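Those letters in the sequence shown? Residues 122 to 628, by my numbering.
In short, the hints are calculated from the structure, not lab data. A few of these clues could be false.
[Stated by the list, open to error] Below, simulated DSBU-like cross-link-like pairs (lysine-lysine); rule was C-alpha separation at most 30 Å, straight line:
(1) Lys589 / Lys456
(2) Lys600 / Lys589
(3) Lys597 / Lys475
(4) Lys600 / Lys514
(5) Lys475 / Lys409
(6) Lys610 / Lys595
(7) Lys610 / Lys589
(8) Lys597 / Lys610
(9) Lys456 / Lys260
(10) Lys597 / Lys514
(11) Lys600 / Lys610
(12) Lys589 / Lys475
(13) Lys475 / Lys595
(14) Lys456 / Lys409
(15) Lys456 / Lys514
(16) Lys514 / Lys610
(17) Lys589 / Lys514
No experiment lies behind these values; they were computed from the predicted model shown.
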Amino acid sequence: MPFSGASAIRQRCALHCCARPLCVPAAHTSCIRQVSTCVLRSGCTLSWHGPSVSDAKARLAKSGCSRQVHLAARHGVPPFQRHVRQLVLPDFDERTGKQDPLRSIVRLLCTSCSRAVAQEGAASQPLFKVQVISPPPYKVLFCGTDEFSCVIFEELLRHRQDLIQHVEVLVPSSPEPRKSSRGKQRVAIPPLKLLAAEHDITIHEVPRAGLDSFEVPDSFRESSNALLVAASFGHLIPPAFLHAFPHWQKLNVHPSLLPKLRGAAPIQWAIARGHTLTGVSVQRISEKFDHGELLNSQEAMPTSSSYIRLRDQLAAIGAALLAETLRTLPERAAKACPQSAMPDSHQPPSMARKVQRRHALVDWNTMSAERIERLNRGVSHFFPVYSMMPNPKATDPRSSINEVSLHDLEVVELGGVSELSAADSKAMSLLRDADSMPGTACLSRPLGGLLMKCVGEGKDASFLLARKLHTAGKPKPAKDAEEWLIGYKERLDQRGLLTFTSALEKS
Numbered sequence: 122m123p124f125s126g127a128s129a130i131r132q133r134c135a136l137h138c139c140a141r142p143l144c145v146p147a148a149h150t151s152c153i154r155q156v157s158t159c160v161l162r163s164g165c166t167l168s169w170h171g172p173s174v175s176d177a178k179a180r181l182a183k184s185g186c187s188r189q190v191h192l193a194a195r196h197g198v199p200p201f202q203r204h205v206r207q208l209v210l211p212d213f214d215e216r217t218g219k220q221d222p223l224r225s226i227v228r229l230l231c232t233s234c235s236r237a238v239a240q241e242g243a244a245s246q247p248l249f250k251v252q253v254i255s256p257p258p259y260k261v262l263f264c265g266t267d268e269f270s271c272v273i274f275e276e277l278l279r280h281r282q283d284l285i286q287h288v289e290v291l292v293p294s295s296p297e298p299r300k301s302s303r304g305k306q307r308v309a310i311p312p313l314k315l316l317a318a319e320h321d322i323t324i325h326e327v328p329r330a331g332l333d334s335f336e337v338p339d340s341f342r343e344s345s346n347a348l349l350v351a352a353s354f355g356h357l358i359p360p361a362f363l364h365a366f367p368h369w370q371k372l373n374v375h376p377s378l379l380p381k382l383r384g385a386a387p388i389q390w391a392i393a394r395g396h397t398l399t400g401v402s403v404q405r406i407s408e409k410f411d412h413g414e415l416l417n418s419q420e421a422m423p424t425s426s427s428y429i430r431l432r433d434q435l436a437a438i439g440a441a442l443l444a445e446t447l448r449t450l451p452e453r454a455a456k457a458c459p460q461s462a463m464p465d466s467h468q469p470p471s472m473a474r475k476v477q478r479r480h481a482l483v484d485w486n487t488m489s490a491e492r493i494e495r496l497n498r499g500v501s502h503f504f505p506v507y508s509m510m511p512n513p514k515a516t517d518p519r520s521s522i523n524e525v526s527l528h529d530l531e532v533v534e535l536g537g538v539s540e541l542s543a544a545d546s547k548a549m550s551l552l553r554d555a556d557s558m559p560g561t562a563c564l565s566r567p568l569g570g571l572l573m574k575c576v577g578e579g580k581d582a583s584f585l586l587a588r589k590l591h592t593a594g595k596p597k598p599a600k601d602a603e604e605w606l607i608g609y610k611e612r613l614d615q616r617g618l619l620t621f622t623s624a625l626e627k628s
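Throw the hints in and build the complete structure from the sequences for me.
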């Protein structure tokens, strides 16, 4: 197909390395179709940049091509209707033996469309963005913090020969040293930073001013095989940072089946909410938190898991999943799925916000024993589950209520408990009494803990056993519930029961 703007196109394209977008504002429907077909056979990512087909019609009409407007009205501009679609396959120039998406695109444009590319400012309103996805090995900037990200990072290090050419890490800046109760300086260093130092990996830290002030190293900006990987990083990566990497070469390993449990604490909330199914997703990092297209995922069962056990299980899955994704990144990008197209997309996405201390406070009015026990497994690694214990006999307001953390929790079915002493049987009958409110507790020696009444799930009541308790301000927890109760016998009521409350803290 003859055209007059080829040199101008090449000149403009020369300003972009193959890792950056090439904008082709084609005017004709026929050229749009030709380019679409080309991309099906090429190594580019092609995006339709118009919110709707009517937008395409308006652009075609503005170009004065009435026949093409008619074609667009009759056939639309498939397959790029209503939302961005991407198609990716490896492109190869037989003459040079290198990837060259520009040559294929240029040859398909007619004279008018090729001139449009050469016009001043034509790329500011593109109909197409064309981008190469490099095959491995990659030059990786890895962003992470904790043990979960360490497992992912170690998997990348194991693939230095085939998948990874070079790797550097970016971690949050270390907080200011804090004094311990004994006056010693303590600094919380991110585990990923320690691991990278062991392997002599270049380490970057997030500036105190935030990621907006972080400069992506030129070695990544200027490379077509640069790859950004984030796992349990804890920061929203700003657009300027993301734009330094190719569109599909910025990946996040997220420990949930997106769009479920978007946010900073998916593992904790999967346990606390009693999910019977979770997993790991590999998504493209988008400008909106956890909204990127999905390239890979795998399910996992979190039944009766603690946070640490489930974290380690999902980290191992995520590490293998990332390696599998990198081996075939161009092909997986071609089949990437928007989160809105997932099987459960008819259900609203769920959030997993960062766990705060207030989330660990027991609300006796709404929480069953099962729910409290799940909450304990999910968040106690960060904040122990706790409650408030009033002292009705106190004269000093400072001692009128105590904060008590609950440890080693178990849901108890009283119908299955045997060999109870007479005192235990009497106390438990009082707990079962309708007049006993949730939060009422008594000591059970046969069970080896403090038995606490909770609201029921589909029944009158449920019961929780706390084997260890710790009052805030005390140097260490009591060895068991019986020892702990010795200091609070004056708070027992006439029935010999202790009462906890749901006094909520201010957020």
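Taking the hints in turn, this is what the structure says about them:
no.: 1; hint: Lys589 / Lys456; result: violated, 52 Å
no.: 2; hint: Lys600 / Lys589; result: holds, 7 Å
no.: 3; hint: Lys597 / Lys475; result: holds, 27 Å
no.: 4; hint: Lys600 / Lys514; result: holds, 26 Å
no.: 5; hint: Lys475 / Lys409; result: holds, 16 Å
no.: 6; hint: Lys610 / Lys595; result: holds, 17 Å
no.: 7; hint: Lys610 / Lys589; result: holds, 16 Å
no.: 8; hint: Lys597 / Lys610; result: holds, 19 Å
no.: 9; hint: Lys456 / Lys260; result: holds, 23 Å
no.: 10; hint: Lys597 / Lys514; result: holds, 25 Å
no.: 11; hint: Lys600 / Lys610; result: holds, 17 Å
no.: 12; hint: Lys589 / Lys475; result: holds, 27 Å
no.: 13; hint: Lys475 / Lys595; result: holds, 28 Å
no.: 14; hint: Lys456 / Lys409; result: holds, 21 Å
no.: 15; hint: Lys456 / Lys514; result: violated, 68 Å
no.: 16; hint: Lys514 / Lys610; result: holds, 12 Å
no.: 17; hint: Lys589 / Lys514; result: holds, 24 Å
Of the numbered hints stated above, those contradicted by the structure are hints 1 and 15, listed in ascending order.
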